[in-house]
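With the hints as constraints, model all of the structure from the sequences given.
Chains A and B, in that order, are what the protein sequence lines are.
Basically this note's numbering = 1-based index in the first sequence + 77.
Basically this note's numbering = 1-based index in the second sequence + 324.
I should point out that these hints are in silico values taken from the structure, not numbers from a laboratory.
Treat the hints with caution; some may be incorrect.
[What the hints assert, rightly or not] Computed beta-carbon distance windows for the label pairs:
{"hint": "1", "chain 1": "A", "residue 1": "L101", "chain 2": "B", "residue 2": "Y512", "range": "49 to 55 Å"}
{"hint": "2", "chain 1": "A", "residue 1": "R115", "chain 2": "B", "residue 2": "S464", "range": "27 to 33 Å"}
{"hint": "3", "chain 1": "B", "residue 1": "G406", "chain 2": "A", "residue 2": "L101", "range": "45 to 51 Å"}
{"hint": "4", "chain 1": "A", "residue 1": "A91", "chain 2": "B", "residue 2": "Y512", "range": "44 to 50 Å"}
{"hint": "5", "chain 1": "A", "residue 1": "Q109", "chain 2": "B", "residue 2": "A506", "range": "58 to 64 Å"}
{"hint": "6", "chain 1": "B", "residue 1": "G431", "chain 2": "A", "residue 2": "V161", "range": "19 to 25 Å"}
{"hint": "7", "chain 1": "A", "residue 1": "V161", "chain 2": "B", "residue 2": "V460", "range": "47 to 53 Å"}
For glycine and all other residues, C-beta sits at the position ideal for the given N, C-alpha and C.
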Amino acid sequence: MNPRVLTIAAAVAAPLLVVLTVSLGRNPHEIQTPMVGRSAPAFSLPDVDTGEELTLASLRGRPVVVNFWATWCFPCLEEHKTLVAGARALGDEVQFVGVVYDDTQRAVRDFFSERGQAYPSLLDEDGQVAIAYGVYGVPETFFVSPEGVIAAKYTGMLTPERLIDGVRQAVGRNAP
Amino acid sequence: MSPVRSRAVLCLRARSATCIAWLTLTVLLAAPATPVVAQVRVARVDIESVVGPPAGARLAGDALSVRTKAVASLLRCPVCQGLSVWDSPAAMAVNMKNEVQALLAEGYTDRQVLDYFEHSYGEFVRLVPRATGIGVLVWSLPVVMLVGGVLIVSRMLVRRPSVVPAGADVTTDPALATYLTAVRELAYGQEDPVPSSAPPPAARQR
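Written as structure tokens, this is what we have:
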């Protein structure tokens with residue numbers, strides 16, 4: 078074959094090969110986010126139970142697990158057990174916060190009366206906070222360091238292993 | 325009948341200029357003021373910390389609707405396949421559309437709104453990528469490839485000699501006789517039915 082044709086073919090194929098090779102090592106279910114490593118967006122939302130406003134800033138100094146969820150989301154039902162167990166096991170060392178996405182106060186209260194509650198859940202009625210965090214859907218969980226930096230994000234149902242790993246990363250994360 | 329309404333009827337019957345002026349003033353004062361923001365919205369997130377204070381004029385009414393459609397059409401619905409936030413009926417897209425409207429109503433510019441969404445979702449959220457950084461490739465590569473392709477094809481057309489020289493007869497050209505005979509043999513499955521004036525081809529000796 079003509080060496081020039083071969084050179085052009087190699088020049089076109091080489092970058093494609095590199096892209097494909099890199100992509101093979103990625104998890105296709107993992108959604109990339111630019112938020113990890115950045116300061117967690119400050120927010121103020123009403124507590125589903127008390128109606129009192131809770132701010133992220135008031136939780137500074139401890140690692141915070143911010144879990145976006147909804148009562149209509151099936152994986153969130155399973156995940157709830159893990160989060161409640163985690164909140165009880167870790168006690169005051171880690172603060173858990175639920176952010177209820179696209180749901181109603183009544184549905185959330187019914188959910189808690191049936192399944193129990195171990196930490197505050199906040200109502201994000203128009204999705205402002207979800208948008209600020211770049212949430213695609215529920216469940217999604219952000220692990221925020223004591224300094225207020227997003228150390229890790231997990232998309233999908235949390236398992237105990239993933240929860241502890243996320244908290245570990247939040248504790249070990251330094252200020253930006 | 326309400327006192328205002330009965331007074332209005334009397335005014336119209338009397339056709340008094342003073343009375344009609346009073347009636348007009350009453351109606352104007354009673355008309356509800358046009359809301360600046362379409363919906364009452366409590367800001368839950370500190371958007372200024374991301375894109376700075378609003379740099380444009382507050383929008384309302386038709387102007388707000390037009391700008392909302394324009395900006396929401398430039399944002400990708402994160403949970404859809406190739407749909408803009410404006411076109412998608414998904415709950416996430418509806419929330420994003422409402423957020424675009426609220427930000428424009430507060431006086432944020434188109435660029436600030438797009439930057440805000442890009443901050444959270446990455447450049448993926450832009451349906452029209454930026455023409456900076458690696459995004460330059462998206463805009464320039466098709467043009468480069470097109471120009472390159474045209475150049476390659478035009479050079480090939482200029483350099484490539486004609487397969488059959490003008491005026492040549494394939495049945496009498498000795499250089500083509502070999503191939504002609506071979507094709508005839510393969511096509512008809514027999515010895516060349518058409519006698520050729522060309523010398524016997526060497527290719528037939530397989």
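Here is how each hint holds up against the structure:
Range check, L101/A to Y512/B: Cβ separation about 53 Å, and the 49 to 55 Å hint holds. In this structure the supplied range 27 to 33 Å holds for R115/A paired with S464/B, their Cβ-Cβ distance being about 30 Å. The hinted window of 45 to 51 Å between G406/B and L101/A is violated, with their beta carbons roughly 24 Å apart. Separation of A91/A from Y512/B is about 48 Å and conforms to the stated range, judged on CB atoms against 44 to 50 Å.
For the pair Q109/A and A506/B, the supplied restraint of 58 to 64 Å holds, since their beta-carbon distance comes to about 59 Å. G431/B and V161/A have their C-beta atoms about 43 Å apart, which leaves the hinted 19 to 25 Å range violated. Range check, V161/A to V460/B: about 49 Å between beta-carbon atoms, so the 47 to 53 Å window is met.
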